[in-house]
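Put chain B on the given structure of chain A with help from the hints.
Protein chains: 2
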Amino acid sequence: MNASDLKSGSSVGVVVPQRAAFHEPLPLKCGRSIAHYELAYETYGTLNAARSNAVLVCHALNASHHVAGVYADDSMNTGWWDNMIGPGKPLDTNRFFVVGVNNLGGCFGSTGPLSINPDTGRPWGADFPLVTVEDWVNAQARLADQLGIQQFAAVMGGSLGAMQCLQWSIAYPQRARHALVIACAPNLSAQNIAFNEVARQAILTDPDFHGGNYYASSITPRRGLRVARMVGHITYLSDDEMASKFGRTLKHGKVNYGFDTEFEIESYLRYQADKFSGYFDANTYLRITKALDYFDPALEHGGDLARALAPATAGFLVVSFTTDWRFSPERSREIVHALLKNKRDVTYAEIDAPHGHDAFLLDDARYHKLVAAYFDRIAGEPA
Amino acid sequence: MNASDLKSGSSVGVVVPQRAAFHEPLPLKCGRSIAHYELAYETYGTLNAARSNAVLVCHALNASHHVAGVYADDSMNTGWWDNMIGPGKPLDTNRFFVVGVNNLGGCFGSTGPLSINPDTGRPWGADFPLVTVEDWVNAQARLADQLGIQQFAAVMGGSLGAMQCLQWSIAYPQRARHALVIACAPNLSAQNIAFNEVARQAILTDPDFHGGNYYASSITPRRGLRVARMVGHITYLSDDEMASKFGRTLKHGKVNYGFDTEFEIESYLRYQADKFSGYFDANTYLRITKALDYFDPALEHGGDLARALAPATAGFLVVSFTTDWRFSPERSREIVHALLKNKRDVTYAEIDAPHGHDAFLLDDARYHKLVAAYFDRIAGEPA
Numbered sequence: 454m455n456a457s458d459l460k461s462g463s464s465v466g467v468v469v470p471q472r473a474a475f476h477e478p479l480p481l482k483c484g485r486s487i488a489h490y491e492l493a494y495e496t497y498g499t500l501n502a503a504r505s506n507a508v509l510v511c512h513a514l515n516a517s518h519h520v521a522g523v524y525a526d527d528s529m530n531t532g533w534w535d536n537m538i539g540p541g542k543p544l545d546t547n548r549f550f551v552v553g554v555n556n557l558g559g560c561f562g563s564t565g566p567l568s569i570n571p572d573t574g575r576p577w578g579a580d581f582p583l584v585t586v587e588d589w590v591n592a593q594a595r596l597a598d599q600l601g602i603q604q605f606a607a608v609m610g611g612s613l614g615a616m617q618c619l620q621w622s623i624a625y626p627q628r629a630r631h632a633l634v635i636a637c638a639p640n641l642s643a644q645n646i647a648f649n650e651v652a653r654q655a656i657l658t659d660p661d662f663h664g665g666n667y668y669a670s671s672i673t674p675r676r677g678l679r680v681a682r683m684v685g686h687i688t689y690l691s692d693d694e695m696a697s698k699f700g701r702t703l704k705h706g707k708v709n710y711g712f713d714t715e716f717e718i719e720s721y722l723r724y725q726a727d728k729f730s731g732y733f734d735a736n737t738y739l740r741i742t743k744a745l746d747y748f749d750p751a752l753e754h755g756g757d758l759a760r761a762l763a764p765a766t767a768g769f770l771v772v773s774f775t776t777d778w779r780f781s782p783e784r785s786r787e788i789v790h791a792l793l794k795n796k797r798d799v800t801y802a803e804i805d806a807p808h809g810h811d812a813f814l815l816d817d818a819r820y821h822k823l824v825a826a827y828f829d830r831i832a833g834e835p836a
Numbered sequence: 454m455n456a457s458d459l460k461s462g463s464s465v466g467v468v469v470p471q472r473a474a475f476h477e478p479l480p481l482k483c484g485r486s487i488a489h490y491e492l493a494y495e496t497y498g499t500l501n502a503a504r505s506n507a508v509l510v511c512h513a514l515n516a517s518h519h520v521a522g523v524y525a526d527d528s529m530n531t532g533w534w535d536n537m538i539g540p541g542k543p544l545d546t547n548r549f550f551v552v553g554v555n556n557l558g559g560c561f562g563s564t565g566p567l568s569i570n571p572d573t574g575r576p577w578g579a580d581f582p583l584v585t586v587e588d589w590v591n592a593q594a595r596l597a598d599q600l601g602i603q604q605f606a607a608v609m610g611g612s613l614g615a616m617q618c619l620q621w622s623i624a625y626p627q628r629a630r631h632a633l634v635i636a637c638a639p640n641l642s643a644q645n646i647a648f649n650e651v652a653r654q655a656i657l658t659d660p661d662f663h664g665g666n667y668y669a670s671s672i673t674p675r676r677g678l679r680v681a682r683m684v685g686h687i688t689y690l691s692d693d694e695m696a697s698k699f700g701r702t703l704k705h706g707k708v709n710y711g712f713d714t715e716f717e718i719e720s721y722l723r724y725q726a727d728k729f730s731g732y733f734d735a736n737t738y739l740r741i742t743k744a745l746d747y748f749d750p751a752l753e754h755g756g757d758l759a760r761a762l763a764p765a766t767a768g769f770l771v772v773s774f775t776t777d778w779r780f781s782p783e784r785s786r787e788i789v790h791a792l793l794k795n796k797r798d799v800t801y802a803e804i805d806a807p808h809g810h811d812a813f814l815l816d817d818a819r820y821h822k823l824v825a826a827y828f829d830r831i832a833g834e835p836a
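Protein chains in written order, with my numbering: chain A, 454 to 836; chain B, 454 to 836.
For reference, chain A alone in the conformation it holds in the complex (with noise of 0.2 Å):
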């Protein structure tokens, strides 16, 4: 193995999604529930013979199952944390059986708003219900049941993704040895809570969502997942990596005093928008920011994490990024906090990171070394 390898790993090659069906009602957090219910789900590497070497991925606002490697017939579509996972890669699936699962609610194959309601025999639409990363983390359970887990190694995620794992490690401690929390936050900020509402308006409004129910036309409301998705992206990089990035450089050399692309900011945003608004569901988006804005542990224990997370268990990775403005590494040491007033085994590291929210998906050494450290001391442990 050459420097190179050892540096990234290599892909755990081509994947297949596979399909779990669920029959037993789902009790959803809105006081509503699920009778059937599909989660779309991929796995990587072997689980072994005791079954104790198993990592949950979870995503966050607009990923998927799909979390490495590429499919037969789309070579192009690589998984959106294929640099973390792989043979050789920090969560080395040499070691570690992954599973990735599309949330319920999602647009990737999961049963979401544009799955058929078998009550109506129609999209549900509008009328699928307001998932939270509680019901997710349920129904995540229940897939774990299926494939025999009765307990993961770790369960892993940035952002949204992280949230799953804090409340995995709240709501079934036995389940989850270790919880990595990456660029999280316990709940959201007033501001993350205004921008996500901001996306949500630029949807509700947009003349095509109809309510909801705009499956039976040919036409989805782009315009206002656009709006949503540029205004997501600039609260993903932070304003230094955007002045380096693209800074004020015009796309022609000059402005022409008209509203076509001036700025290189201003077509990156517009061609990041284009392509999410042809592939994402508004629907799953407007539930993904509710599900956001939901999470808060601590209000049901008056605001005390510390009480919230009393039940966990789980040794944690928590990491943040300093260039985060989303959620800032402030953030994360709240949590950090209310571990170790609960005296819980937790590991924290603050990256020194320029690019924002983003860095977590990123590949930076120092990230990366830290994880796979954390994996290592994972497989040196007895299940």
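Incorrect hints may appear among the rest.
If several chains are the same, the list does not tell them apart, and a pair holds so long as it fits within one copy or across any two.
[Stated by the list, open to error] Within a straight-line C-alpha distance of at most 25 Å, the following computed DMTMM-like cross-link-like pairs (lysine to aspartate or glutamate) qualify: (1) LYS796 / ASP535; (2) LYS728 / ASP661; (3) LYS728 / ASP816; (4) LYS482 / GLU717; (5) LYS707 / GLU753; (6) LYS704 / ASP580; (7) LYS707 / ASP749; (8) LYS728 / GLU717; (9) LYS704 / GLU753; (10) LYS698 / ASP817; (11) LYS704 / GLU694; (12) LYS822 / ASP805.
Don't read these hints as lab results, they were simulated from the structure.
No experiment lies behind these values; they were computed from the predicted model shown.
Showing chain B alone in chain A's frame:
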């Protein structure tokens, strides 16, 4: 005079907006020119015999010539900087003659997209030129000519208004003895442009925008304006200010698992958005964001701000606010450094205020005392 009077001064009282008409074509930076135009303006206080006590107040994104006082028929419509300007206030109308002007392209009385284009007999709409900070300052200079003001004692503004003050100092160094440059930046960052672009895309893609020619119908692109205003509002407030004003407080004590207003911050943003979209013109909004994006005096000097500011001879008061993340103190310091490089007379203050960018509009005692002291100094100087 009691302590409370001393602190806040009193109101200029009832004011009457005025209009000035111009028939000499105004060449614009975009290459076009405007043959005839009007500017709406207001004045407070009395121009002295030497005509040496005039202060021009330049407005930012959504404000107007109505800077102080109230209207006889609308006593609730207080000028946007009324806490700063009036008898006994930091900009004391007992000593200074204050001029507020609605910029060209505005929607509060000055010629803009809403106005009738004399060549067509219809509203300008999409055909109204993209005006720049430079154009606005040139138009303001012509208004000064009409008012018989050869030199302002000071030009003053916050945010985009402060950019106009910078431009005054560059383009008309002999006509502005002082420049009060508050919560400013020497140009927009990529992130600033990105937020403007989100606002523009929300408006431009609103089906009711009709390419900018929506005046013929009674329907205006309110949906787009709403989203634009919400995005703007988030950037005007600091994260901490939003947290302390709204936090995660729920409007009705509990979530309803739907898309009606749940959090106080949502309610606030929706209210501000509804109000704004009822009175502001979308074409004006688009143009003002473009004027912001374009302003970059250093550009034609190879990015050297000191060279761009070399013509400036004014005395400067530069003020920034610690929690302003739209135009951070760092950006104000760029201006200060450039002025110091030119050995100009600069006073710089970084006010420790929690409110973010909006702080420049608020009644902060240290900030107002500083501005009052600076105007004391101006009043004591020989004209």
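Comparing the hints with the structure gives:
1. Proximity of LYS796 and ASP535 under a CA criterion of 25 Å is satisfied in neither setting, with 34 Å inside one chain copy and 55 Å between copies.
2. When the C-alpha separation of LYS728 and ASP661 is checked against a cutoff of 25 Å, the pair qualifies both within a copy, at 18 Å, and between copies, at 24 Å.
3. In this assembly of identical chains, the alpha carbons of LYS728 and ASP816 lie at most 25 Å apart only when taken from the same copy (23 Å versus 45 Å across copies).
4. Proximity of LYS482 to GLU717 under the C-alpha cut-off of 25 Å is restricted to the inter-copy arrangement: shortest distance 22 Å between copies versus 43 Å within a copy.
5. Taking CA atoms no more than 25 Å apart as the test, LYS707 paired with GLU753 passes between copies only; the shortest distance there is 12 Å, against 55 Å inside one copy.
6. Taking the shortest Cα distances, LYS704 and ASP580 sit within 25 Å of each other only across copies (24 Å), while inside one copy they are farther apart (43 Å).
7. Only between protomers do LYS707 and ASP749 lie at most 25 Å apart by alpha-carbon distance; the minimum there is 13 Å, versus 47 Å within a single protomer.
8. Taking the shortest alpha-carbon separations for LYS728 and GLU717, only the intra-copy value of 17 Å comes in at or below 25 Å, while the best inter-copy value is 33 Å.
9. Within a single copy, LYS704 and GLU753 get their C-alpha atoms only as close as 51 Å, which misses the 25 Å cut-off; across copies the closest is 17 Å, which meets it.
10. Taking the shortest alpha-carbon separations for LYS698 and ASP817, only the intra-copy value of 17 Å comes in at or below 25 Å, while the best inter-copy value is 37 Å.
11. For the identical chains of this complex, LYS704 and GLU694 are intra-copy neighbours only, at 18 Å inside a copy versus 36 Å across copies, given an alpha-carbon limit of 25 Å.
12. Within a single copy, LYS822 and ASP805 get their C-alpha atoms as close as 14 Å, which meets the 25 Å cut-off; across copies the closest is 40 Å, which misses it.
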